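**Q** Chains W and G are the protein sequences, given in the same order.
Numbers 17 to 316, taken from our numbering, label the letters of the first sequence in order.
Numbers 17 to 316, taken from our numbering, label the letters of the second sequence in order.
In case anyone wonders, no lab produced these hints; they're calculated from the structure.
On a predicted model such as this, the values are computed, not experimentally measured, just so you know.
Among these hints, one or two may not hold up.
Which copy? The list can't say, so a pair holds if one copy fits it or any two copies do.
Claimed, not checked - Below 27 angstroms or equal to it, Euclidean Cα-Cα: the simulated DSS-like pairs (lysine-lysine) are:
| hint | residue 1 | residue 2 |
| --- | --- | --- |
| 1 | 64 | 287 |
| 2 | 62 | 287 |
| 3 | 299 | 165 |
| 4 | 287 | 69 |
| 5 | 287 | 66 |
Protein chains: 2
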Amino acid sequence: MISLTILGNNSALPAFGRFPTAQVLQDQDNSFLIDCGEGTQMQLSKYKIKRSKITHIFISHLHGDHYFGLVGLLTSMSLLNRTQELHVFGPAPLEAIIKMQLDAGEVNLSYQLFFHALTSSGMIANTNKMEVSCFPVNHRIACWGFLFKEKKNPRTVVPENARNFEIPASFYEQLQKGADYVNKKGTIIPNDAVTIANTAAKSYAYCADTIFDEGLAEVVRGVDLLYHETTYLKDQENKAKERFHSTSVQAATLASLANVKQLIIGHFSSKYENIEPFLTEAKTVFERTALAIDGSCFKV
Amino acid sequence: MISLTILGNNSALPAFGRFPTAQVLQDQDNSFLIDCGEGTQMQLSKYKIKRSKITHIFISHLHGDHYFGLVGLLTSMSLLNRTQELHVFGPAPLEAIIKMQLDAGEVNLSYQLFFHALTSSGMIANTNKMEVSCFPVNHRIACWGFLFKEKKNPRTVVPENARNFEIPASFYEQLQKGADYVNKKGTIIPNDAVTIANTAAKSYAYCADTIFDEGLAEVVRGVDLLYHETTYLKDQENKAKERFHSTSVQAATLASLANVKQLIIGHFSSKYENIEPFLTEAKTVFERTALAIDGSCFKV
Chain W
17 MISLTILGNN SALPAFGRFP TAQVLQDQDN SFLIDCGEGT QMQLSKYKIK
67 RSKITHIFIS HLHGDHYFGL VGLLTSMSLL NRTQELHVFG PAPLEAIIKM
117 QLDAGEVNLS YQLFFHALTS SGMIANTNKM EVSCFPVNHR IACWGFLFKE
167 KKNPRTVVPE NARNFEIPAS FYEQLQKGAD YVNKKGTIIP NDAVTIANTA
217 AKSYAYCADT IFDEGLAEVV RGVDLLYHET TYLKDQENKA KERFHSTSVQ
267 AATLASLANV KQLIIGHFSS KYENIEPFLT EAKTVFERTA LAIDGSCFKV
Chain G
17 MISLTILGNN SALPAFGRFP TAQVLQDQDN SFLIDCGEGT QMQLSKYKIK
67 RSKITHIFIS HLHGDHYFGL VGLLTSMSLL NRTQELHVFG PAPLEAIIKM
117 QLDAGEVNLS YQLFFHALTS SGMIANTNKM EVSCFPVNHR IACWGFLFKE
167 KKNPRTVVPE NARNFEIPAS FYEQLQKGAD YVNKKGTIIP NDAVTIANTA
217 AKSYAYCADT IFDEGLAEVV RGVDLLYHET TYLKDQENKA KERFHSTSVQ
267 AATLASLANV KQLIIGHFSS KYENIEPFLT EAKTVFERTA LAIDGSCFKV
């Protein structure tokens, strides 16, 4: 199971109590922070998400509403005596932006920070339970989306059963993939006697800030959860296009084209106090849509 | 009259709902922002302080808890189509930090931003109603305090009275300074017939982050309102010294030495959830002390 918590959903500047963009995706082992607008560290405290669990931070692009909270979070982790290494992924100029601010404050981080510049599509992180890849999206400046795919074997070993059949632990990896075991006497132990089926591996796609682009449907096809921005309502389609953003209906259209299981929409322009119309409009095209409200949690 | 609103009071990292350091000093014309920790723009909204009234921003030093909210505020002002010029004062490296982030986001500000590097003590800003000077304080990295002095003539002209005596407007400036008027017939119009006495000009000193330094007493002598940091309680005097910070009792001692009218203490370490003991301890030395609580407003 993976779960996604929304820490901020507003476009450009904070408004109506809505924070700029940040999200946390969590699996059993790790927390992955996706974008880090100003105030993200306050939101992490508010929603009781442990900073120490965050091992990877992904920054989509260098508009401030997506990263102005980053250096504050990095230095706070150090003030809290973090020792575990941290991996930050983002557009290349971000490295110098971080370094200049650490240098100005004469800060020596208490942990190792690895910066990974995003340069081309493909896998960028690979943990025990998750594969993360990035893909370019079409915005005013260089901007990346992120695709998270859970890594799961089709079967889970029931150790007690495996021990009863005297199957060595060295064979467990094969069992997880579905293989039967043949013991020294030549007896076949069928796989399903010592394993149980896993639920399917889940996936999440974050499309960052983007103009409506049908081509993205191929990239995010069939994901369990899709985040697509909806800076404007449908009557502002021209403005959305001009600013390389999308509307409610465009986000829902992309979800429909990509045949995803569920859609989350966010990045609402600060000109909208009431964001319910985004949901109403999106649902006319794609019923399984939810608003990315600060603090809301989506379990997949 | 001047009024000071506290937007943040916490040291190093936000904790217990307390934001990092930021304050706004307001006179009748202008708002002066002093330090700008992460989340300052949210705090401005929360406490209904108009961003558009801010004409000057003073950054004491380049530890993140004093300026990580700055670039977000600058870009938000631009997104709100500010046209009025803005003056930012701070340590020299801040200029490149701002520029690098604006460049990375391809941001062209909607207004003129003037950056003034702090290099030596003395007057740095001079508006119709306020003179602002800076002075160095002793912290781990280069750090500046700020002294705000209201500019006020001793007298205010009552225009109706002045017109009755046919005093030309060109003489009003003299009247404000207390001069009598002699009309064409040689008649003396006594000053107090056409003016009223002003209240005294008020002053505010912000000592930023500093080790306890008796020498500061001379710099801030007799101000109406003094802000002095109190990162630690008195039992942590050694730690305070080691980290170039001050204790509750040291802040109060400085206020007493400088014979100020009122003391505000803040910059509480995030290890303290309850900050009331800071007040209790400080008051044993200087009774007229108040806590710099987020949202509190001090009118002088």
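**Q** For each hint, tell me whether it holds in the structure or not.
**A** Hint by hint, here is what the structure shows:
no.	hint	verdict
1	64 / 287	between (29 angstroms within a copy, 18 angstroms between copies)
2	62 / 287	both (25 angstroms within a copy, 17 angstroms between copies)
3	299 / 165	within (26 angstroms within a copy, 58 angstroms between copies)
4	287 / 69	between (35 angstroms within a copy, 21 angstroms between copies)
5	287 / 66	between (32 angstroms within a copy, 17 angstroms between copies)
Consistency note: the structure conflicts with none of the earlier hints.
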